[in-house]
Amino acid sequence: MGSLRDLDAEQQVALLFLMLFGLLVLVSASAIVLSLRERAEPTLAQLERHDRFVRDLRAAWVGAALFWLAWISGPVGSTLLFGVLSFLALREFITLTHTRRADHRSLILAFFVILPAQYLLAGGRWFDLFSVFVPVYAFVALPVASALAGDPKRFLERNAKIQWGVMVCVYGLSHAPALLLLDVGPTPGRGAFLVFFLVSVVAVGFIAQEVMAARLRARPIARQISRSFSYRAWALGVAAGMLAGVLLYWITPFEPEQALALGAIAAATGSLGELVMRALKRDAGVRTWGQAASVTGAVGLLDRVAPLAFAAPVFFHAVRWYFKAPV
Amino acid sequence: MTLAGLTGLLLAFIARLITGAQGHWRGCPPKAEQRIYFANHQSHLDWVLIWAALPRDLRATTRPIAARDYWTKSRFKHWLTRAVFHAVYVDRQRTQDQDPLEPLVEALRHGDSLVIFPEGTRSTTGEPQPFKSGLYHLAEQFPQVVLVPAWIDNVQRVMPKGEVVPVPILCSVTFGAPIALAPGEDKRAFLDRAREAVLALRPAPA
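One line per chain: the protein sequences are A and B, in this order.
Numbering that gives the first Met the number 0 numbers the first residue of the first sequence as 0 and each following residue consecutively.
Numbering that gives the first Met the number 0 numbers the first residue of the second sequence as 0 and each following residue consecutively.
Hints were generated in silico from the structure; no laboratory data involved.
You may find that some hints are simply not true.
As the list claims (entries may be wrong) - Pairs of lysine-lysine residues, derived as DSSO-like cross-links and limited to a Cα-Cα distance of at most 30 angstroms, are as follows: (1) K72/B <-> K186/B; (2) K160/B <-> K160/A; (3) K160/A <-> K280/A; (4) K186/B <-> K76/B; (5) K152/A <-> K160/B; (6) K186/B <-> K131/B.
To be verified - Some chain B residues judged to face chain A by a derived CB distance under 7 angstroms, without partners named: (7) G161; (8) V163; (9) V164; (10) L169.
Think of the CB as a built atom: it goes at the ideal place given N, C-alpha and C, for glycine as much as any other residue.
Turn these sequences into a full structure, and let the hints steer you where they fit.
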């Protein structure tokens, strides 16, 4: 593993993408082979599981392709790419919350001022302002715009929802391109590896947790929200995330034990973020954001980005704080 | 490609970016036959949304109705409605000797499809108003043209009356099963039935 560290960045990237796409090709190919096999009449649950698997696999392909695009297009391209992703996620979030006519101006502020400004700050590496722009400045601006519209009905509720959407879809997600641009450790310019590290650790942790939950059948802690979430499965997911973190330490500026700790942080926050998103979905009365029958045409983007949106800010702050990264 | 064609593609792209402009063909597939789409009317964006939800090759032959006095006032508005959307112009002021449906009849005779909003004006309550009789007269004169009801959802949230900047919110257009004028059917009964067909496509509130 140490010898992998000595490769130069170009070779490491090539190796990473080879591994990533190789893995996807393997999974897809075996899925196709399995689907060709003759089988007894499948049950409804099996069909549903299969549908979900196909959807997740497709999302993984799209995600991998996007990540590759972000890599080859450099800092400007990846900031733009995540900006668009953020826009689409916020659009989906706002669609599913009830806003009133008086929220129009605040929504315009959120979509066309706060969102671009946040990504500009990320792209320009003004990380000090970047970290406080939404929680401090947008926090003040949004309710002011709403109050000026003069509709007191359910004021707090409406504003809280918009604030929350901005926090998750804009603030949270914008930390992914910020990580790309962060210089830490002895070798600068390796931020993309941090994003890769974060995404893979979160994904491994989440998948391990789901698999374990199905195996263990432990008592769910929050049955109303998730039938599969239990502390034991969660802990095993975090452990898997730590393992993935150590296995990937050679692409990061971390030492193995640092990679272990950061892997734990990323995996833990990622799956907890997913749980929170699930609670939100229950509240909105949808099973997946991208329900096939959804009238709004939501594509299920929020589902995919939620773990990242929660894990990225914590991870970003932890890395920056620990390494005292220069701004 | 001409400038008008490019503008059309750009507008469709923007509509999709802001609203998703998802078309759900629930009652009939998108097909190159002569049709009249009739829908609820809540916003200026309604037409663009239906248009963007149509497959690209149907857009060229599907035309909106535009008020002549408003949409020919400036050169840009005139160009937009004439060259990009191929709008059918109607006069809002009714003159003595002219049938207001005349331009629509001509377009249908020509073989084009139309999109009409039979309420006549934008409704502010979300509940469609009673339909005007134009739909009935067209159905009577052109029995071979397929009448497709459509429900446009969520668009009033994108751009409420009086605002100019649209907010990105996902919208959908649901196309239902075609209806036809029954032989000897009463005008009011047919119009109510048409309105019911549009209302039936409204998704249940979450």
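Tested hints:
Our distance criterion of 30 angstroms between C-alpha atoms is broken by K72/B and K186/B, whose separation comes to about 35 angstroms. Of the supplied pair hints, the one linking K160/B and K160/A holds, its CA atoms being roughly 23 angstroms apart against a limit of 30 angstroms. Proposed proximity of K160/A and K280/A is supported: the alpha carbons are some 13 angstroms apart, at most 30 angstroms. Proximity of K186/B to K76/B is assessed by CA-CA distance (about 35 angstroms); at most 30 angstroms being required, the pair is judged violated.
Straight-line distance between C-alpha atoms of K152/A and K160/B comes to about 19 angstroms, which keeps the hinted pair within the 30 angstroms bound. Distance restraint check for K186/B and K131/B: the Cα-Cα separation of roughly 10 angstroms lies within the 30 angstroms cut-off, and the hinted pair is therefore satisfied. Given hint, G161/B at the interface with chain A, is violated; its Cβ is 9 angstroms from that chain's nearest Cβ, farther than 7 angstroms. For the restraint placing V163/B at the interface with chain A, the shortest Cβ-Cβ distance is roughly 10 angstroms, beyond the 7 angstroms limit, so the hint is violated.
Taking 7 angstroms as the C-beta cut-off, the interface hint given for V164/B holds, the closest approach to chain A being about 5 angstroms. Interface hint status for L169/B: upheld, as the beta-carbon distance to the closest one in chain A is roughly 4 angstroms, under 7 angstroms.
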